[in-house]
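*Asks:* If you want the building blocks of each chain, they are given just below.
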Amino acid sequence: DSDAGSEELVLTPAELIRSLEQAWLNEKFAPELLESKPEIIECVVEQLDHMEANLKRAKKGDLKVSVHRMEIERIRYVLSSYLRCRLVKIEKFFPHVLEKEKSRPEGEPSILSPEEFAFAKEYMANTETYLKNVALKHMPPNLQKVSLLKSVPKPNLDSFVFLRVLERQENILVEPETDEQREYTIDLEEGSQHLIRYKTIAPLVASGAVQLI
Amino acid sequence: GDLGPFNPGLPVEVPVWLAINLKQRQKCRLIPPEWMDVEKLEEIRDQERKEDTFTPMPSPYYMELTKLLLNYASDNIPKADEIRTLVKDTWDTRIAKLRLSADSFVRQQEAHAKLDNLTLMEINTTGTFLTQALDHMYKLRTNLQPGESSQSQDF
Numbered sequence: 089d090s091d092a093g094s095e096e097l098v099l100t101p102a103e104l105i106r107s108l109e110q111a112w113l114n115e116k117f118a119p120e121l122l123e124s125k126p127e128i129i130e131c132v133v134e135q136l137d138h139m140e141a142n143l144k145r146a147k148k149g150d151l152k153v154s155v156h157r158m159e160i161e162r163i164r165y166v167l168s169s170y171l172r173c174r175l176v177k178i179e180k181f182f183p184h185v186l187e188k189e190k191s192r193p194e195g196e197p198s199i200l201s202p203e204e205f206a207f208a209k210e211y212m213a214n215t216e217t218y219l220k221n222v223a224l225k226h227m228p229p230n231l232q233k234v235s236l237l238k239s240v241p242k243p244n245l246d247s248f249v250f251l252r253v254l255e256r257q258e259n260i261l262v263e264p265e266t267d268e269q270r271e272y273t274i275d276l277e278e279g280s281q282h283l284i285r286y287k288t289i290a291p292l293v294a295s296g297a298v299q300l301i
Numbered sequence: 728g729d730l731g732p733f734n735p736g737l738p739v740e741v742p743v744w745l746a747i748n749l750k751q752r753q754k755c756r757l758i759p760p761e762w763m764d765v766e767k768l769e770e771i772r773d774q775e776r777k778e779d780t781f782t783p784m785p786s787p788y789y790m791e792l793t794k795l796l797l798n799y800a801s802d803n804i805p806k807a808d809e810i811r812t813l814v815k816d817t818w819d820t821r822i823a824k825l826r827l828s829a830d831s832f833v834r835q836q837e838a839h840a841k842l843d844n845l846t847l848m849e850i851n852t853t854g855t856f857l858t859q860a861l862d863h864m865y866k867l868r869t870n871l872q873p874g875e876s877s878q879s880q881d882f
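First to last, the protein sequences are chains W and B. In short: position in the first sequence from 1, add 88, done, that's my numbering. In short: position in the second sequence from 1, add 727, done, that's my numbering.
Everything labelled a hint here was simulated from the structure, so no lab data went into it. Be aware that one or more of the hints could be misleading.
What the hints assert, rightly or not - Below, a list of computed lysine-lysine pairs in the DSSO-like style, where the Cα atoms sit at most 27 Å apart: (1) K152/W with K754/B; (2) K188/W with K866/B; (3) K750/B with K148/W; (4) K287/W with K866/B; (5) K866/B with K116/W; (6) K147/W with K754/B; (7) K180/W with K866/B; (8) K177/W with K220/W; (9) K116/W with K794/B.
Stated by the list, open to error - Pair ranges (Cβ atoms, derived): (10) Q836/B with D137/W: 47 to 57 Å; (11) D819/B with H138/W: 40 to 50 Å; (12) P732/B with P193/W: 51 to 61 Å.
In this text, a Cβ means the ideal position worked out from N, Cα and C, and glycines have one as well.
This is chain W alone, in the form it adopts within the complex (with noise of 0.2 Å):
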């Protein structure tokens, strides 16, 4: 179905949707910047063309076009929404984002588009730039640098957020929040919900284990 990459998966339009919006909830609520899902907005976008395609070609004022045409918005408003709190964080963690990028080992999954990580590097240089005409060039000699990497904010991983469970785990590791406490272990069962620190489940969310809710 899809010519997209080398993936071999050939979802249908419903569980193409279906990913994009599983995609779209774990990137609003994980605290990082996760994974990038080239093949998932290639084949989405693809299929929007297609229907766009269709639409011109029907008849006016068919029932059938309106409706189509509601349902090609609303799969837009989830792809730029998606698309958008991918930006949100690249701004905001620019410096770690970019760092974890470059250390990444060979063959782990990138966490950018080449379109978002040319984005960021354009970004990061603006901000130097505007930091240095703005008040480092006036800065006495030996204060003139500033390192973006230790003074913008990483993201908070020990966040909490809700879950739910979409394929079994077990022995789920729990640290204790204070001394007092000891760690213990939980089993996650399909269809379950639960509030836990992101820290601890965050490869089950980037393994499709687990849906950000």
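We have chain W; now place chain B onto it with these hints.
*Replies:* Just chain B now, with coordinates in the frame of chain W:
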């Protein structure tokens, strides 16, 4: 997705957004879900008041569906006002329970909670406040421990 076929006089299942849109254009009549009935809702409300825990709801979207259907299609729903009151009572009871359990969660500094029978609407109503409060508590706590590798920047 796939929809239809649309034949006059025959009921067909469609997504809620489409149903509301068609109703607004006066092209259809909406049929309320089975659970949107006075007796059933009374049962649910009473059970919710009896138990300390959350009872499973007939639909994970009971609140949203009730609001939408009563706003746009109350003429298709028998005893709409009673239904509105019953659902609101059940909602209030559940939110009160949620507030109590959120309070004890923060107070006892729990690290994990299972919330199976909560619907998304309820989670999102209190969720943002709860997670932000927990984040603040965590930051305050970790800054109390000297010598810990704490970040010097707060945000």
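*Asks:* Give a verdict on every hint.
*Replies:* Evaluated hints:
no. : hint                           : verdict
1   : K152/W with K754/B             : 13 Å, holds
2   : K188/W with K866/B             : 24 Å, holds
3   : K750/B with K148/W             : 21 Å, holds
4   : K287/W with K866/B             : 15 Å, holds
5   : K866/B with K116/W             : 22 Å, holds
6   : K147/W with K754/B             : 19 Å, holds
7   : K180/W with K866/B             : 19 Å, holds
8   : K177/W with K220/W             : 24 Å, holds
9   : K116/W with K794/B             : 25 Å, holds
10  : Q836/B with D137/W: 47 to 57 Å : 51 Å, holds
11  : D819/B with H138/W: 40 to 50 Å : 47 Å, holds
12  : P732/B with P193/W: 51 to 61 Å : 53 Å, holds
Checked against the numbered hints given earlier, this structure breaks none of them.
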